[in-house]
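Chemist: If you count the sequence shown from 1, you need to add 5 to reach the numbering used here.
No lab work stands behind these hints: they were computed from the structure.
These numbers come from a predicted model, not from an experiment.
Please note that a few of the clues may not be correct.
The calculated lysine to any residue pairs, modelled on SDA-like cross-linking and capped at a C-alpha distance of 25 Å, are [claimed, not checked]: (1) K214 - N191; (2) K99 - L126; (3) K99 - D154; (4) K229 - D207; (5) K132 - V161; (6) K176 - E254; (7) K532 - K214; (8) K501 - I513; (9) K214 - F300; (10) K245 - V209; (11) K168 - D89; (12) K214 - Q260; (13) K204 - E288; (14) K525 - Q260; (15) K220 - T197; (16) K99 - G155; (17) K99 - I150.
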Amino acid sequence: MLRYLTSKLKYLKLVNQYYATNQKNQAPSQDEKTPTSLTQNLTTNLEILNGFIGNNFDLVIRKFTFGEHRQTNAALVYLNGMTDQTMINESILKPLLFESVPNSNPASNHSVIEMITMTMLSVAEIKKRTLIQDIVEGYLSGETILLVDGSPEALVIMTSDWKSRSITDPKTESVVRGPREGFIENLLTNTTLIRRKIKSSDLVFESMKIGERTKTTVCIAYIKDIANPLLIEEIKRRLKDIKTDSILESGIVEQYIEDAPFSIFSTIANTEKPDLAAAKILEGRAAILVDGTPFVLTVPMVFIESFQSSEDYYSRPYFASIIRMFRYLAYMLSILAPATYVALTTYHQELIPTALLFSMSAAQEGVPFPVLVEALGMGVIFEILREAGVRLPRPVGQAVSIVGALVIGESAVSAGLIGAPMVIVVALTAIASFVVPAQTDSGGILRAIFTVLAGFSGGFGIMVGLIGVSIHLASLRSFGTPYLSPLAPLSVPDLKDTFIRAPLWAMITRPRTIGWHDPKRQEFRLKPGPPSEEDASSN
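Assemble the whole structure, with the sequences as input and the hints as a guide.
Modeler: Given below as C-alpha coordinates:
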(Lines of atoms letter the chains of each structure in order from A and count residues from 1; the text may use other names and numbers.)
(Lines give C-alpha, C1' and ligand atoms only; values in the text may rest on other atoms or scores of the structure.)
Protein backbone atom coordinates (compact mmCIF):
# COMPACT_ATOMS: atom_id res chain seq x y z
CA MET A 1 0.00 0.00 0.00
CA LEU A 2 2.83 2.41 0.87
CA ARG A 3 4.63 1.52 -2.39
CA TYR A 4 1.44 2.26 -4.34
CA LEU A 5 1.02 5.69 -2.73
CA THR A 6 4.70 6.51 -3.37
CA SER A 7 4.36 5.66 -7.07
CA LYS A 8 1.24 7.84 -7.32
CA LEU A 9 3.01 10.80 -5.74
CA LYS A 10 5.95 10.41 -8.15
CA TYR A 11 3.55 10.30 -11.09
CA LEU A 12 1.80 13.50 -9.97
CA LYS A 13 5.18 15.21 -9.52
CA LEU A 14 6.22 14.27 -13.07
CA VAL A 15 2.90 15.57 -14.45
CA ASN A 16 3.29 18.92 -12.68
CA GLN A 17 6.86 19.24 -13.99
CA TYR A 18 5.64 18.52 -17.53
CA TYR A 19 2.95 21.21 -17.40
CA ALA A 20 5.35 23.72 -15.86
CA THR A 21 7.88 23.11 -18.64
CA ASN A 22 5.23 23.50 -21.34
CA GLN A 23 4.01 26.79 -19.89
CA LYS A 24 7.56 28.16 -19.93
CA ASN A 25 8.05 27.12 -23.57
CA GLN A 26 4.72 28.47 -24.73
CA ALA A 27 4.68 31.25 -27.30
CA PRO A 28 3.85 34.71 -25.97
CA SER A 29 0.12 35.39 -25.59
CA GLN A 30 -1.88 37.68 -27.80
CA ASP A 31 -1.80 40.39 -25.14
CA GLU A 32 2.01 40.20 -25.00
CA LYS A 33 2.43 40.46 -28.80
CA THR A 34 -0.18 43.15 -29.43
CA PRO A 35 0.81 46.79 -28.91
CA THR A 36 -1.03 48.65 -26.18
CA SER A 37 -0.80 52.11 -27.77
CA LEU A 38 -1.52 53.59 -31.16
CA THR A 39 1.18 54.25 -33.72
CA GLN A 40 1.48 57.10 -36.22
CA ASN A 41 0.51 54.87 -39.16
CA LEU A 42 -3.23 54.67 -39.96
CA THR A 43 -3.05 51.25 -41.62
CA THR A 44 -1.19 49.78 -38.64
CA ASN A 45 -3.69 51.26 -36.20
CA LEU A 46 -6.62 49.76 -38.13
CA GLU A 47 -4.92 46.37 -38.13
CA ILE A 48 -4.37 46.60 -34.35
CA LEU A 49 -8.01 47.53 -33.75
CA ASN A 50 -9.18 44.76 -36.06
CA GLY A 51 -7.15 42.29 -33.99
CA PHE A 52 -9.00 43.38 -30.85
CA ILE A 53 -12.46 43.81 -32.39
CA GLY A 54 -12.54 41.02 -34.96
CA ASN A 55 -14.60 40.69 -38.11
CA ASN A 56 -18.13 41.65 -37.01
CA PHE A 57 -20.96 42.27 -39.42
CA ASP A 58 -22.01 45.44 -37.57
CA LEU A 59 -18.49 46.90 -37.67
CA VAL A 60 -18.21 49.99 -39.90
CA ILE A 61 -14.83 51.39 -41.02
CA ARG A 62 -15.25 54.56 -43.10
CA LYS A 63 -11.99 55.59 -44.74
CA PHE A 64 -11.66 59.06 -46.29
CA THR A 65 -9.26 61.87 -47.01
CA PHE A 66 -9.62 65.46 -45.91
CA GLY A 67 -7.73 68.71 -45.79
CA GLU A 68 -7.22 71.54 -48.22
CA HIS A 69 -5.48 69.33 -50.78
CA ARG A 70 -6.96 66.02 -49.64
CA GLN A 71 -3.56 64.94 -48.42
CA THR A 72 -4.57 63.56 -44.97
CA ASN A 73 -5.95 60.04 -44.61
CA ALA A 74 -8.39 59.22 -41.83
CA ALA A 75 -10.95 56.60 -40.80
CA LEU A 76 -14.08 56.40 -38.68
CA VAL A 77 -14.72 53.19 -36.73
CA TYR A 78 -18.10 52.56 -35.10
CA LEU A 79 -20.79 49.95 -34.47
CA ASN A 80 -23.86 50.14 -36.68
CA GLY A 81 -27.02 50.16 -34.57
CA MET A 82 -25.44 51.65 -31.45
CA THR A 83 -24.58 55.06 -32.91
CA ASP A 84 -26.51 58.08 -34.18
CA GLN A 85 -26.00 58.03 -37.93
CA THR A 86 -27.32 61.57 -38.34
CA MET A 87 -24.78 62.92 -35.88
CA ILE A 88 -21.95 61.06 -37.61
CA ASN A 89 -22.94 62.38 -41.03
CA GLU A 90 -23.76 65.96 -40.06
CA SER A 91 -21.38 66.68 -37.20
CA ILE A 92 -18.30 64.61 -38.10
CA LEU A 93 -18.09 63.57 -41.76
CA LYS A 94 -19.60 66.69 -43.32
CA PRO A 95 -17.27 69.20 -41.58
CA LEU A 96 -14.21 67.05 -42.32
CA LEU A 97 -15.02 66.42 -45.99
CA PHE A 98 -16.29 69.83 -47.00
CA GLU A 99 -14.23 72.15 -44.84
CA SER A 100 -10.47 72.48 -45.01
CA VAL A 101 -8.48 71.63 -41.94
CA PRO A 102 -5.52 73.88 -41.24
CA ASN A 103 -2.27 71.97 -41.03
CA SER A 104 -0.51 71.82 -37.71
CA ASN A 105 1.40 75.01 -37.20
CA PRO A 106 4.67 74.71 -35.23
CA ALA A 107 4.18 78.24 -33.93
CA SER A 108 0.77 77.37 -32.46
CA ASN A 109 1.89 74.05 -30.93
CA HIS A 110 -1.37 72.45 -32.09
CA SER A 111 -1.48 69.09 -33.86
CA VAL A 112 -4.00 68.10 -36.53
CA ILE A 113 -6.04 66.20 -33.94
CA GLU A 114 -6.21 69.27 -31.71
CA MET A 115 -7.19 71.52 -34.62
CA ILE A 116 -9.98 69.12 -35.59
CA THR A 117 -11.24 69.03 -32.01
CA MET A 118 -11.19 72.80 -31.53
CA THR A 119 -12.38 74.08 -34.93
CA MET A 120 -14.34 71.43 -36.84
CA LEU A 121 -16.35 68.83 -34.91
CA SER A 122 -19.70 70.07 -33.60
CA VAL A 123 -20.07 67.32 -30.97
CA ALA A 124 -20.41 68.05 -27.26
CA GLU A 125 -18.22 65.29 -25.80
CA ILE A 126 -14.86 64.39 -27.34
CA LYS A 127 -12.01 62.56 -25.65
CA LYS A 128 -8.43 61.99 -26.83
CA ARG A 129 -7.13 58.48 -26.24
CA THR A 130 -3.88 56.68 -27.01
CA LEU A 131 -4.36 53.31 -25.27
CA ILE A 132 -5.96 50.57 -27.34
CA GLN A 133 -8.02 49.29 -24.41
CA ASP A 134 -9.65 52.70 -23.85
CA ILE A 135 -10.43 53.02 -27.56
CA VAL A 136 -12.00 49.55 -27.73
CA GLU A 137 -14.15 50.23 -24.65
CA GLY A 138 -15.43 53.45 -26.23
CA TYR A 139 -16.18 51.66 -29.50
CA LEU A 140 -18.10 48.89 -27.70
CA SER A 141 -20.11 51.54 -25.79
CA GLY A 142 -21.45 53.07 -29.01
CA GLU A 143 -18.89 55.85 -29.43
CA THR A 144 -17.24 56.71 -32.75
CA ILE A 145 -13.46 56.46 -33.15
CA LEU A 146 -11.65 58.94 -35.42
CA LEU A 147 -8.14 57.88 -36.50
CA VAL A 148 -5.88 60.26 -38.45
CA ASP A 149 -2.75 59.20 -40.34
CA GLY A 150 0.37 60.59 -38.70
CA SER A 151 -1.17 60.96 -35.25
CA PRO A 152 -0.65 58.54 -32.34
CA GLU A 153 -3.90 59.76 -30.78
CA ALA A 154 -7.52 58.91 -31.54
CA LEU A 155 -10.66 60.91 -30.91
CA VAL A 156 -13.42 59.03 -29.07
CA ILE A 157 -16.58 60.93 -29.99
CA MET A 158 -19.82 60.50 -28.05
CA THR A 159 -22.40 59.37 -30.63
CA SER A 160 -24.08 56.48 -28.78
CA ASP A 161 -27.81 56.20 -29.48
CA TRP A 162 -29.21 52.69 -29.07
CA LYS A 163 -32.91 52.01 -28.85
CA SER A 164 -34.63 51.68 -25.49
CA ARG A 165 -38.20 51.46 -24.31
CA SER A 166 -40.04 54.56 -23.24
CA ILE A 167 -40.68 55.54 -19.62
CA THR A 168 -43.81 53.73 -18.42
CA ASP A 169 -45.51 52.70 -15.18
CA PRO A 170 -43.39 50.42 -12.99
CA LYS A 171 -44.78 46.90 -13.19
CA THR A 172 -43.81 45.76 -9.68
CA GLU A 173 -44.78 48.84 -7.62
CA SER A 174 -48.22 50.04 -8.60
CA VAL A 175 -49.72 53.00 -6.75
CA VAL A 176 -53.05 54.80 -6.77
CA ARG A 177 -51.59 58.20 -5.97
CA GLY A 178 -48.10 59.28 -6.93
CA PRO A 179 -45.78 59.54 -9.95
CA ARG A 180 -46.41 57.07 -12.75
CA GLU A 181 -42.88 57.03 -14.18
CA GLY A 182 -40.47 54.18 -13.64
CA PHE A 183 -36.86 53.42 -14.36
CA ILE A 184 -35.90 51.85 -17.69
CA GLU A 185 -32.87 49.93 -18.96
CA ASN A 186 -30.93 53.06 -20.00
CA LEU A 187 -28.54 54.30 -17.31
CA LEU A 188 -28.44 57.94 -18.45
CA THR A 189 -32.24 58.09 -18.47
CA ASN A 190 -32.35 56.70 -14.93
CA THR A 191 -29.82 59.23 -13.63
CA THR A 192 -31.84 61.98 -15.29
CA LEU A 193 -35.02 60.81 -13.54
CA ILE A 194 -33.25 61.11 -10.18
CA ARG A 195 -31.85 64.51 -11.14
CA ARG A 196 -35.37 65.72 -11.85
CA LYS A 197 -36.37 64.79 -8.30
CA ILE A 198 -33.27 66.16 -6.53
CA LYS A 199 -32.09 69.40 -8.10
CA SER A 200 -29.12 69.83 -5.79
CA SER A 201 -25.46 70.42 -6.55
CA ASP A 202 -24.62 68.05 -3.69
CA LEU A 203 -26.12 65.08 -5.57
CA VAL A 204 -23.19 63.00 -6.81
CA PHE A 205 -23.08 60.22 -9.41
CA GLU A 206 -19.89 58.13 -9.47
CA SER A 207 -19.52 55.39 -12.08
CA MET A 208 -17.23 52.42 -12.65
CA LYS A 209 -16.99 49.48 -15.04
CA ILE A 210 -17.61 45.98 -13.67
CA GLY A 211 -17.40 42.71 -15.58
CA GLU A 212 -14.36 41.49 -17.48
CA ARG A 213 -16.47 40.71 -20.56
CA THR A 214 -19.56 42.88 -20.32
CA LYS A 215 -17.88 46.09 -19.03
CA THR A 216 -21.17 47.08 -17.40
CA THR A 217 -21.43 50.63 -16.10
CA VAL A 218 -22.43 50.77 -12.44
CA CYS A 219 -23.25 54.14 -10.89
CA ILE A 220 -23.41 55.16 -7.22
CA ALA A 221 -25.79 58.04 -6.38
CA TYR A 222 -25.73 59.88 -3.06
CA ILE A 223 -25.85 63.35 -1.49
CA LYS A 224 -22.38 64.14 -0.22
CA ASP A 225 -23.51 66.30 2.72
CA ILE A 226 -26.00 63.69 3.99
CA ALA A 227 -24.59 60.25 3.19
CA ASN A 228 -21.94 58.84 5.48
CA PRO A 229 -18.53 58.91 3.72
CA LEU A 230 -17.67 55.55 5.29
CA LEU A 231 -20.79 54.07 3.68
CA ILE A 232 -19.77 55.35 0.24
CA GLU A 233 -16.22 54.04 0.63
CA GLU A 234 -17.53 50.63 1.69
CA ILE A 235 -19.83 50.47 -1.36
CA LYS A 236 -16.93 51.35 -3.67
CA ARG A 237 -14.70 48.74 -2.04
CA ARG A 238 -17.27 45.97 -2.43
CA LEU A 239 -17.98 46.91 -6.04
CA LYS A 240 -14.28 47.02 -6.94
CA ASP A 241 -13.80 43.57 -5.40
CA ILE A 242 -16.23 42.05 -7.92
CA LYS A 243 -14.14 40.04 -10.40
CA THR A 244 -16.45 38.24 -12.79
CA ASP A 245 -17.11 37.94 -16.50
CA SER A 246 -20.57 39.44 -16.63
CA ILE A 247 -22.90 41.81 -14.83
CA LEU A 248 -26.26 41.58 -16.58
CA GLU A 249 -28.66 42.81 -13.89
CA SER A 250 -28.60 44.57 -10.54
CA GLY A 251 -29.55 41.30 -8.82
CA ILE A 252 -26.09 39.95 -9.71
CA VAL A 253 -24.44 42.97 -8.07
CA GLU A 254 -26.69 42.50 -5.01
CA GLN A 255 -25.47 38.93 -4.50
CA TYR A 256 -21.83 40.00 -4.62
CA ILE A 257 -22.05 42.88 -2.12
CA GLU A 258 -24.70 41.84 0.41
CA ASP A 259 -23.77 41.39 4.08
CA ALA A 260 -25.46 38.05 4.79
CA PRO A 261 -25.35 35.79 1.70
CA PHE A 262 -26.63 32.77 3.66
CA SER A 263 -29.66 34.58 5.07
CA ILE A 264 -33.13 34.20 3.58
CA PHE A 265 -33.69 37.92 4.15
CA SER A 266 -32.38 40.43 1.65
CA THR A 267 -30.21 43.17 3.15
CA ILE A 268 -30.30 45.30 -0.02
CA ALA A 269 -33.50 46.97 -1.21
CA ASN A 270 -34.52 47.52 -4.83
CA THR A 271 -37.05 49.75 -6.53
CA GLU A 272 -38.35 50.72 -9.96
CA LYS A 273 -39.67 54.13 -8.86
CA PRO A 274 -37.51 57.26 -9.15
CA ASP A 275 -39.44 59.05 -6.39
CA LEU A 276 -38.79 56.18 -3.96
CA ALA A 277 -35.10 56.08 -4.85
CA ALA A 278 -34.86 59.86 -4.42
CA ALA A 279 -36.59 59.68 -1.03
CA LYS A 280 -34.12 57.10 0.22
CA ILE A 281 -31.17 59.12 -1.07
CA LEU A 282 -32.51 62.15 0.81
CA GLU A 283 -32.57 60.07 4.01
CA GLY A 284 -28.83 59.41 3.72
CA ARG A 285 -28.84 56.17 1.77
CA ALA A 286 -26.98 55.48 -1.47
CA ALA A 287 -28.47 54.16 -4.70
CA ILE A 288 -26.65 51.75 -7.02
CA LEU A 289 -27.73 51.99 -10.66
CA VAL A 290 -26.73 49.29 -13.16
CA ASP A 291 -26.87 49.87 -16.89
CA GLY A 292 -29.34 47.53 -18.60
CA THR A 293 -31.88 47.07 -15.80
CA PRO A 294 -34.78 49.14 -14.41
CA PHE A 295 -34.18 47.95 -10.84
CA VAL A 296 -32.11 50.31 -8.69
CA LEU A 297 -30.50 49.05 -5.48
CA THR A 298 -30.54 51.15 -2.30
CA VAL A 299 -28.37 50.63 0.79
CA PRO A 300 -28.46 50.34 3.71
CA MET A 301 -31.76 48.50 4.09
CA VAL A 302 -33.82 47.91 7.23
CA PHE A 303 -36.56 45.34 7.71
CA ILE A 304 -39.42 47.84 8.06
CA GLU A 305 -38.78 49.14 4.52
CA SER A 306 -40.58 46.06 3.22
CA PHE A 307 -43.82 47.31 4.78
CA GLN A 308 -43.54 50.91 3.59
CA SER A 309 -44.90 52.23 0.32
CA SER A 310 -44.25 55.53 -1.42
CA GLU A 311 -48.01 56.08 -1.46
CA ASP A 312 -48.01 56.18 2.36
CA TYR A 313 -46.37 59.59 2.26
CA TYR A 314 -48.68 61.04 -0.40
CA SER A 315 -51.88 60.19 1.49
CA ARG A 316 -53.17 61.40 4.84
CA PRO A 317 -51.41 59.75 7.79
CA TYR A 318 -54.42 58.10 9.47
CA PHE A 319 -55.50 55.83 6.64
CA ALA A 320 -51.87 55.21 5.67
CA SER A 321 -51.14 54.05 9.24
CA ILE A 322 -54.09 51.63 9.20
CA ILE A 323 -52.99 50.19 5.83
CA ARG A 324 -49.45 49.78 7.10
CA MET A 325 -50.67 47.81 10.14
CA PHE A 326 -52.70 45.64 7.76
CA ARG A 327 -49.46 44.88 5.91
CA TYR A 328 -47.84 43.66 9.12
CA LEU A 329 -50.92 41.54 9.86
CA ALA A 330 -50.94 40.11 6.34
CA TYR A 331 -47.26 39.17 6.58
CA MET A 332 -47.82 37.35 9.87
CA LEU A 333 -50.80 35.52 8.36
CA SER A 334 -48.78 34.52 5.30
CA ILE A 335 -46.06 32.83 7.37
CA LEU A 336 -48.09 31.57 10.37
CA ALA A 337 -51.60 30.70 9.13
CA PRO A 338 -50.87 27.12 7.91
CA ALA A 339 -48.65 26.45 10.94
CA THR A 340 -51.30 27.72 13.35
CA TYR A 341 -53.97 25.55 11.71
CA VAL A 342 -51.72 22.48 11.91
CA ALA A 343 -50.87 23.16 15.58
CA LEU A 344 -54.51 23.72 16.60
CA THR A 345 -55.92 20.66 14.85
CA THR A 346 -53.08 18.34 15.88
CA TYR A 347 -52.09 19.38 19.42
CA HIS A 348 -54.37 22.11 20.78
CA GLN A 349 -57.95 21.12 19.95
CA GLU A 350 -59.09 22.52 23.31
CA LEU A 351 -58.39 26.04 22.04
CA ILE A 352 -60.92 25.68 19.20
CA PRO A 353 -64.57 26.55 19.99
CA THR A 354 -66.73 23.42 20.26
CA ALA A 355 -69.06 24.23 17.36
CA LEU A 356 -66.13 25.06 15.09
CA LEU A 357 -64.31 21.92 16.20
CA PHE A 358 -67.28 19.71 15.25
CA SER A 359 -67.49 21.41 11.86
CA MET A 360 -63.78 20.97 11.21
CA SER A 361 -63.90 17.33 12.33
CA ALA A 362 -66.75 16.65 9.92
CA ALA A 363 -64.81 18.25 7.10
CA GLN A 364 -61.68 16.24 7.90
CA GLU A 365 -63.58 12.94 8.16
CA GLY A 366 -62.43 10.55 5.48
CA VAL A 367 -59.30 12.55 4.53
CA PRO A 368 -56.48 9.98 4.21
CA PHE A 369 -53.54 12.33 4.96
CA PRO A 370 -52.40 13.99 8.17
CA VAL A 371 -52.91 17.73 8.48
CA LEU A 372 -49.18 18.39 8.11
CA VAL A 373 -49.05 16.55 4.79
CA GLU A 374 -52.14 18.44 3.63
CA ALA A 375 -50.58 21.81 4.47
CA LEU A 376 -47.26 21.05 2.81
CA GLY A 377 -48.93 19.56 -0.27
CA MET A 378 -51.25 22.52 -0.73
CA GLY A 379 -48.30 24.87 -0.21
CA VAL A 380 -46.39 23.16 -3.03
CA ILE A 381 -49.43 23.34 -5.33
CA PHE A 382 -49.86 27.04 -4.56
CA GLU A 383 -46.21 27.78 -5.41
CA ILE A 384 -46.53 25.85 -8.69
CA LEU A 385 -49.65 27.80 -9.67
CA ARG A 386 -48.02 31.10 -8.74
CA GLU A 387 -44.92 30.33 -10.77
CA ALA A 388 -47.05 29.28 -13.74
CA GLY A 389 -49.00 32.54 -13.55
CA VAL A 390 -45.78 34.56 -13.50
CA ARG A 391 -43.93 32.76 -16.31
CA LEU A 392 -46.74 32.39 -18.82
CA PRO A 393 -47.90 35.32 -20.98
CA ARG A 394 -50.06 37.71 -18.97
CA PRO A 395 -53.54 36.78 -20.35
CA VAL A 396 -52.82 33.03 -20.18
CA GLY A 397 -51.04 33.26 -16.83
CA GLN A 398 -53.98 34.92 -15.08
CA ALA A 399 -56.37 32.29 -16.45
CA VAL A 400 -54.11 29.42 -15.37
CA SER A 401 -53.60 30.74 -11.84
CA ILE A 402 -57.29 31.50 -11.20
CA VAL A 403 -58.89 28.53 -12.97
CA GLY A 404 -56.19 26.14 -11.74
CA ALA A 405 -56.73 27.14 -8.11
CA LEU A 406 -60.52 26.82 -8.37
CA VAL A 407 -60.49 23.51 -10.22
CA ILE A 408 -57.80 21.85 -8.12
CA GLY A 409 -59.27 23.06 -4.82
CA GLU A 410 -62.83 22.01 -5.67
CA SER A 411 -61.74 18.68 -7.10
CA ALA A 412 -59.52 17.86 -4.11
CA VAL A 413 -62.32 18.60 -1.64
CA SER A 414 -64.89 16.65 -3.67
CA ALA A 415 -62.58 13.65 -3.90
CA GLY A 416 -61.98 13.69 -0.16
CA LEU A 417 -58.21 14.15 -0.50
CA ILE A 418 -58.12 17.49 1.34
CA GLY A 419 -60.44 19.07 3.87
CA ALA A 420 -62.30 22.27 3.01
CA PRO A 421 -60.82 24.22 5.99
CA MET A 422 -57.32 23.58 4.66
CA VAL A 423 -58.27 25.05 1.27
CA ILE A 424 -59.58 28.17 3.03
CA VAL A 425 -56.38 28.52 5.08
CA VAL A 426 -54.15 28.12 2.01
CA ALA A 427 -56.24 30.62 0.02
CA LEU A 428 -56.02 33.17 2.85
CA THR A 429 -52.26 32.56 3.05
CA ALA A 430 -51.88 33.08 -0.71
CA ILE A 431 -53.76 36.38 -0.69
CA ALA A 432 -51.85 37.64 2.36
CA SER A 433 -48.48 36.79 0.79
CA PHE A 434 -49.15 39.20 -2.08
CA VAL A 435 -49.55 42.18 0.26
CA VAL A 436 -45.81 42.46 1.02
CA PRO A 437 -44.00 41.67 -2.27
CA ALA A 438 -40.56 42.53 -0.87
CA GLN A 439 -40.75 39.58 1.55
CA THR A 440 -42.33 37.06 -0.79
CA ASP A 441 -39.16 34.93 -1.03
CA SER A 442 -38.47 34.82 2.69
CA GLY A 443 -42.17 34.38 3.47
CA GLY A 444 -42.41 31.18 1.42
CA ILE A 445 -39.42 29.61 3.20
CA LEU A 446 -40.59 30.68 6.66
CA ARG A 447 -44.07 29.34 5.95
CA ALA A 448 -42.69 25.86 5.25
CA ILE A 449 -40.37 25.95 8.30
CA PHE A 450 -43.12 27.03 10.70
CA THR A 451 -45.52 24.43 9.28
CA VAL A 452 -43.00 21.62 9.86
CA LEU A 453 -42.25 22.87 13.39
CA ALA A 454 -45.97 23.03 14.17
CA GLY A 455 -46.48 19.51 12.84
CA PHE A 456 -43.84 18.08 15.18
CA SER A 457 -44.16 20.32 18.26
CA GLY A 458 -47.36 22.33 17.96
CA GLY A 459 -47.42 25.81 19.45
CA PHE A 460 -44.10 25.21 21.20
CA GLY A 461 -42.43 24.67 17.82
CA ILE A 462 -43.94 27.87 16.45
CA MET A 463 -42.63 29.86 19.42
CA VAL A 464 -39.15 28.35 19.04
CA GLY A 465 -39.21 29.29 15.36
CA LEU A 466 -40.31 32.86 16.09
CA ILE A 467 -37.57 33.30 18.68
CA GLY A 468 -34.97 31.93 16.27
CA VAL A 469 -36.10 34.24 13.44
CA SER A 470 -36.10 37.25 15.80
CA ILE A 471 -32.55 36.48 16.94
CA HIS A 472 -31.43 36.08 13.34
CA LEU A 473 -33.03 39.38 12.28
CA ALA A 474 -31.42 41.19 15.22
CA SER A 475 -28.00 39.86 14.22
CA LEU A 476 -28.19 41.09 10.61
CA ARG A 477 -26.48 44.25 9.39
CA SER A 478 -26.82 46.13 6.14
CA PHE A 479 -23.61 48.07 5.48
CA GLY A 480 -23.19 48.58 9.20
CA THR A 481 -26.83 49.51 9.92
CA PRO A 482 -28.81 47.17 12.25
CA TYR A 483 -31.44 45.37 10.20
CA LEU A 484 -34.16 45.76 12.87
CA SER A 485 -33.55 49.45 13.57
CA PRO A 486 -35.20 51.51 14.96
CA LEU A 487 -36.60 48.63 17.06
CA ALA A 488 -33.29 46.98 17.90
CA PRO A 489 -31.46 49.05 18.95
CA LEU A 490 -34.39 51.17 20.05
CA SER A 491 -34.59 54.70 18.66
CA VAL A 492 -37.74 56.37 19.99
CA PRO A 493 -37.71 59.38 17.60
CA ASP A 494 -37.66 57.04 14.61
CA LEU A 495 -40.71 55.04 15.75
CA LYS A 496 -42.93 57.64 14.09
CA ASP A 497 -42.35 55.89 10.77
CA THR A 498 -42.46 52.21 11.70
CA PHE A 499 -45.81 50.65 12.64
CA ILE A 500 -47.62 53.91 11.93
CA ARG A 501 -46.89 56.85 9.65
CA ALA A 502 -46.85 60.06 11.65
CA PRO A 503 -47.84 63.35 9.99
CA LEU A 504 -45.12 64.76 7.75
CA TRP A 505 -44.80 67.92 9.83
CA ALA A 506 -43.88 65.74 12.84
CA MET A 507 -41.13 63.82 11.00
CA ILE A 508 -38.42 66.41 11.62
CA THR A 509 -35.28 64.26 11.55
CA ARG A 510 -33.90 61.60 9.27
CA PRO A 511 -33.45 58.03 10.57
CA ARG A 512 -30.69 58.27 13.16
CA THR A 513 -29.06 54.99 12.17
CA ILE A 514 -28.80 56.14 8.54
CA GLY A 515 -28.53 59.94 8.50
CA TRP A 516 -24.98 60.98 9.30
CA HIS A 517 -24.04 64.64 9.04
CA ASP A 518 -27.32 66.50 8.86
CA PRO A 519 -30.12 64.63 10.73
CA LYS A 520 -32.53 67.57 10.49
CA ARG A 521 -34.57 67.65 7.30
CA GLN A 522 -37.20 70.27 8.01
CA GLU A 523 -38.13 73.02 10.43
CA PHE A 524 -39.78 72.25 13.74
CA ARG A 525 -42.89 74.44 13.51
CA LEU A 526 -44.56 73.25 10.32
CA LYS A 527 -47.83 72.06 11.83
CA PRO A 528 -50.63 73.57 9.71
CA GLY A 529 -53.66 75.30 11.21
CA PRO A 530 -55.96 78.28 10.87
CA PRO A 531 -54.44 81.74 11.36
CA SER A 532 -54.37 83.11 14.86
CA GLU A 533 -56.35 86.22 15.91
CA GLU A 534 -53.20 88.36 15.75
CA ASP A 535 -52.46 87.20 12.20
CA ALA A 536 -56.09 87.80 11.18
CA SER A 537 -56.11 91.32 12.67
CA SER A 538 -52.80 92.22 11.00
CA ASN A 539 -54.15 91.13 7.64
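Chemist: Please write out, lowest number first, the hints stated earlier that are contradicted by the structure.
Modeler: 7 and 14
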